[in-house]
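Sequence lines, in order, name chains A and B. The first sequence maps to residues 1 to 101 in our numbering. The second sequence maps to residues 102 to 283 in our numbering.
Treat the hints as calculated values from the structure; they're not laboratory data.
For each label pair, taking beta carbons as the anchor points, the in silico distance ranges come out as:
hint : chain 1 : residue 1 : chain 2 : residue 2 : range
1    : B       : 106       : A       : 93        : 34 to 42 Å
2    : A       : 56        : B       : 255       : 31 to 39 Å
3    : A       : 93        : B       : 174       : 18 to 26 Å
4    : B       : 241       : A       : 93        : 35 to 43 Å
5    : B       : 196       : A       : 88        : 25 to 33 Å
6    : B       : 209       : A       : 69        : 23 to 31 Å
7    : A       : 93        : B       : 260       : 19 to 27 Å
8    : B       : 177       : A       : 97        : 19 to 27 Å
9    : A       : 88        : B       : 128       : 18 to 26 Å
10   : A       : 99        : B       : 229       : 40 to 48 Å
11   : A       : 56        : B       : 115       : 25 to 33 Å
12   : B       : 108       : A       : 95        : 36 to 44 Å
13   : B       : 164       : A       : 97        : 25 to 33 Å
Ideal Cβ placement from N, Cα and C applies to all residues, glycine included.
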Amino acid sequence: MTVPVSWYLLLAAVMFAIGTTGALTRRNGITIFLSIELMLNSVNLTLVAFSRLLDDRTGQLVVLFVLAVAAAEAAVGLALFIALYRHRRTIDVDRVNLMRW
Amino acid sequence: MELAIFLIFGALAVVSALVVVIHRDPVKSTLSLVVALFATAVLFLLLGAPFIGVLQVLVYTGAIVVLFLFVVMLLNLQREARSEGGGRLQRIFAILAAATFAAMTGITVWRWTTGANPGALDEGFVSLHALAAELFDRFLLPFEIIGLLLLVAVVAAYVLAKRPDPRSGADPGAESSTEATR
Numbered sequence: 001m002t003v004p005v006s007w008y009l010l011l012a013a014v015m016f017a018i019g020t021t022g023a024l025t026r027r028n029g030i031t032i033f034l035s036i037e038l039m040l041n042s043v044n045l046t047l048v049a050f051s052r053l054l055d056d057r058t059g060q061l062v063v064l065f066v067l068a069v070a071a072a073e074a075a076v077g078l079a080l081f082i083a084l085y086r087h088r089r090t091i092d093v094d095r096v097n098l099m100r101w
Numbered sequence: 102m103e104l105a106i107f108l109i110f111g112a113l114a115v116v117s118a119l120v121v122v123i124h125r126d127p128v129k130s131t132l133s134l135v136v137a138l139f140a141t142a143v144l145f146l147l148l149g150a151p152f153i154g155v156l157q158v159l160v161y162t163g164a165i166v167v168l169f170l171f172v173v174m175l176l177n178l179q180r181e182a183r184s185e186g187g188g189r190l191q192r193i194f195a196i197l198a199a200a201t202f203a204a205m206t207g208i209t210v211w212r213w214t215t216g217a218n219p220g221a222l223d224e225g226f227v228s229l230h231a232l233a234a235e236l237f238d239r240f241l242l243p244f245e246i247i248g249l250l251l252l253v254a255v256v257a258a259y260v261l262a263k264r265p266d267p268r269s270g271a272d273p274g275a276e277s278s279t280e281a282t283r
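Please model the entire structure based on the sequences and the hints provided.
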């Protein structure tokens, strides 16, 4: 039996919600980044599921670009954290609030 | 059979996603992300996207997560792992917001696509040849731009993570680094 596409979409929504919770509640910069990767991943799942449903390959190609952007984002973000850690000895986002208030 | 694989790996993805968010140790969070991404790769295979599934394993779990692990171990975040504070109210509202989002999306998705069974997979849809033909035809310009973006990201990462030159006194980061060592 084939699995209905709506199940994949529901799974992706749940994973996105988990990622959102992590990005909003965690204070460790690395974990916030991991949560964002989780959100990107669930969006990829949605794209591939719709690509299967509509029998259109465009969704898979967009996933390719999302992967590349995620790689670029991870590289730049982690470099930022290294620079931050070198200056402040912490990546706790509550203690890096110079530009917040 | 397909249903069983979906249920097993879907549950695995959700559980490991929860571990990523909940676990206090960044190393274990990162390793749990590997499991979540791998389970998603299996779902990609089920959805008739073998190329995307392989790419997910290669690029995500092979390159990006290793980069994460590298940085986590480089930074030595023992102190961070324990001092996970955060307001309780903020946590409750974040969970509430995420649950609302999931419920709204879930209801919408359920109404619109329920019972929408895709047809049987045909050879043409799975074929890598057709995917590549479309990528280098319709999506050629975005493809080139993505290459440029990756190059810019590499240069940016190098510049950002570079150790400031100790000889140049006019380094913008010099002031705060002396402050940190004090």
